[in-house]
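**Student:** Given chain H, work out where chain A should sit, using these hints.
Here are the chains, one letter per residue:
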Amino acid sequence: MSAVLSGKASHSAVTESASVRRLLIAGALLFLLLFLLLPLMSVFFEALRNGIGTYVEALTEPDALAAIKLTLFAAGIAVPLNLVFGVAAAWAVAKFEFRGKTLLTTLIDLPFSVSPVVSGLIYVLMFGASGWAAGLIADTNIQIIFALPGIVLATIFVTFPFVARELIPLMQEQGTDDEQAALSLGANGWQTFWHVTLPNVRWGLLYGVLLCNARAMGEFGAVSVVSGHIRGETNTMPLHVEILYNEYNFAAAFAMASVLASLALLTLGLKSLLETRHGEALSQSHKH
Amino acid sequence: MPFTSRSALPGFHLALGYALVYLSLIVLIPLAGVFFKAAELSLAEIWAILSSERVLGALKLSFGTALIAAALNAVFGTLVAWVLVRYDFPGKRLFDAMIDLPFALPTAVAGISLTALYAGNGWIGQWLEPLGIKIAFTPVGIIIALLFIGLPFVVRTVEPVLRDTEKELEEASASLGANRWQTIRLVLFPSLLPSLLTGFALAFARGVGEYGSVIFIAGNLPYVSEIAPLLIVIRLEEFDYAGATVVAAAMLVIAFVMLLVINGLQAWSNRHKVRNQSLALPVQGGKP
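Sequence order for the protein chains is H and A. So the first sequence is numbered by the working numbering: it starts at 27 and just counts up by one. So the second sequence is numbered by the working numbering: it starts at 110 and just counts up by one.
No wet-lab data here; the hints were simulated from the structure. Careful, some of the hints might be misleading.
Result set (EDC-like, lysine to aspartate or glutamate): computed pairs, CA atoms no more than 20 Å apart in a straight line [stated by the list, open to error]: (1) A:K276 x H:E199; (2) A:K201 x H:E199; (3) A:K276 x A:E162; (4) H:K127 x H:E199; (5) H:K95 x H:E83; (6) A:K201 x H:E301; (7) A:K201 x A:E154; (8) H:K95 x H:D203.
Small disclaimer: the values here were computed from a predicted structure and weren't measured.
Bound conformation, chain H alone (with noise of 0.2 Å):
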């Protein structure tokens, strides 16, 4: 009532004037065009400047198809690993109350305040060939730095917050009520977390995966310092795509530059449509 008869009385008090309006969004359009979708062009452009020959020659060769399989291989361990996680660390932070929450919260954040080039030197520091928790693996043959295992680390590292951070919020709106019902019910706490929480957040969730899986592909500070660079063997995508780029090889490194910019498109794809579709399924922060 009140909104309608002040619409009415003021109008253009409340809203800018229509060349206002145009100019504001000529700007932010302008901006966007410049800094987000420029680039992105320019990674497809360049990629297939040498047409489409080269293009899936840089993409078939062995190194790549290397670079592309190590990749897969340590988001594939990374991903699980920190979903597992995720979800534990949401059930004790979002349905139970006990001391120290806040500070849980805040230190399941902390990778995103690390820089990445950090987030791999704490692996070298660990493991490296003086480092303080060489001892543990002296004994063995098990190489870490320079090696699968440092980048599989260093990738958990980076992306170790993602599922959590989506799923905690979400499982707190929710409460406790429909666990309460199931248990009351006679489920037993598994069957309960796996027929009502799970389901309950299974879009959250996929969210959250699916960020954390564009990340787990697309890192390159934190992997970079802990893959030696052994062509091949030891080099991710982004890497790869750094080495040929240094070598002035610009063609063949857009040709896999424009393989990870689809698979952010993809993701941000994904995310919008879950977004859509499912916004009411998701935590508070990302409803539209």
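**Tutor:** This is chain A only, laid out in the frame that chain H set:
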């Protein structure tokens, strides 16, 4: 409805125990290693490393460029958020989804595409070079990269607050005789300020530690365009672990301080939101 018996659910000890062990193994213990390693040095040695001209130059560059980029993002990010929330235009959904591109696009891909755009023969660089403006391989290039990386932080923190702002507040302000500019400056801006500062701080914190998108466009000249994370990598490659560790420890301390600041700002922002809503309540009376 209050949860009278939250602890009725099972699995608390298992979930919390697992979360704590995993958090300690992956994040806390490796991070603590940086400080243990740094503590092996005397204070004089640490000071000598930190106060060396090259380290100081790198830290100053990282902080200075991150500060400038975050400030620019605060302005443009707010403009973008405003336009996306308040106005309708064709392609709005698409632009809104694209905001998250810098989160999803691997940093190395962003780095090489921005370099390709701003280099002397690039789509943008070729127009600026004749005017005597050099962006790629200068500190200005670093700011461009950080502008790209930081944009979603500001837009995504300001956007929801702007969407939740009660239109009634603006109507009340207008009906009391304020013109549009006064309403924006005196009513809207104060309610946006906490989230704007949070977005600024998030963009700044990310910018200080950013590596992948910067190293391609920066030029990496010591004392001029060499960022702190790159210096850590260079020290590691020289097997100067002490040098790398001290710079990393300094960056970690600063990151922790930023984290505290951001948490404080977010708490302030949430309090502000609640206050705003209770303020708006009486005005809402006419709504069904």
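**Student:** Hint by hint, note whether the structure agrees.
**Tutor:** Hint check:
The suggested pairing of A:K276 with H:E199 is violated, with an alpha-carbon distance near 26 Å, which exceeds 20 Å. A threshold of 20 Å between alpha carbons decides the hint, and for A:K201 with H:E199 the separation of about 29 Å lies outside it, so the pair is violated. In summary, the hint linking A:K276 to A:E162 is not supported, as the alpha carbons are separated by about 53 Å, beyond the 20 Å threshold. For the hint linking H:K127 to H:E199, the alpha-carbon distance of about 16 Å falls within 20 Å, and the restraint holds.
Only pairs whose Cα atoms come within 20 Å are accepted, and H:K95 paired with H:E83 is accepted, the gap being roughly 17 Å. For the given pair, A:K201 sits about 15 Å from H:E301 by alpha-carbon distance, which is consistent with the 20 Å threshold. The hinted pair formed by A:K201 and A:E154 fails the criterion: a straight-line CA distance of about 55 Å is larger than 20 Å. Annotation: proposed proximity of H:K95 to H:D203 is violated, straight-line Cα distance about 44 Å (limit 20 Å).
When the structure is compared with the earlier hints, violations turn up for hints 1, 2, 3, 7 and 8 and for no others.
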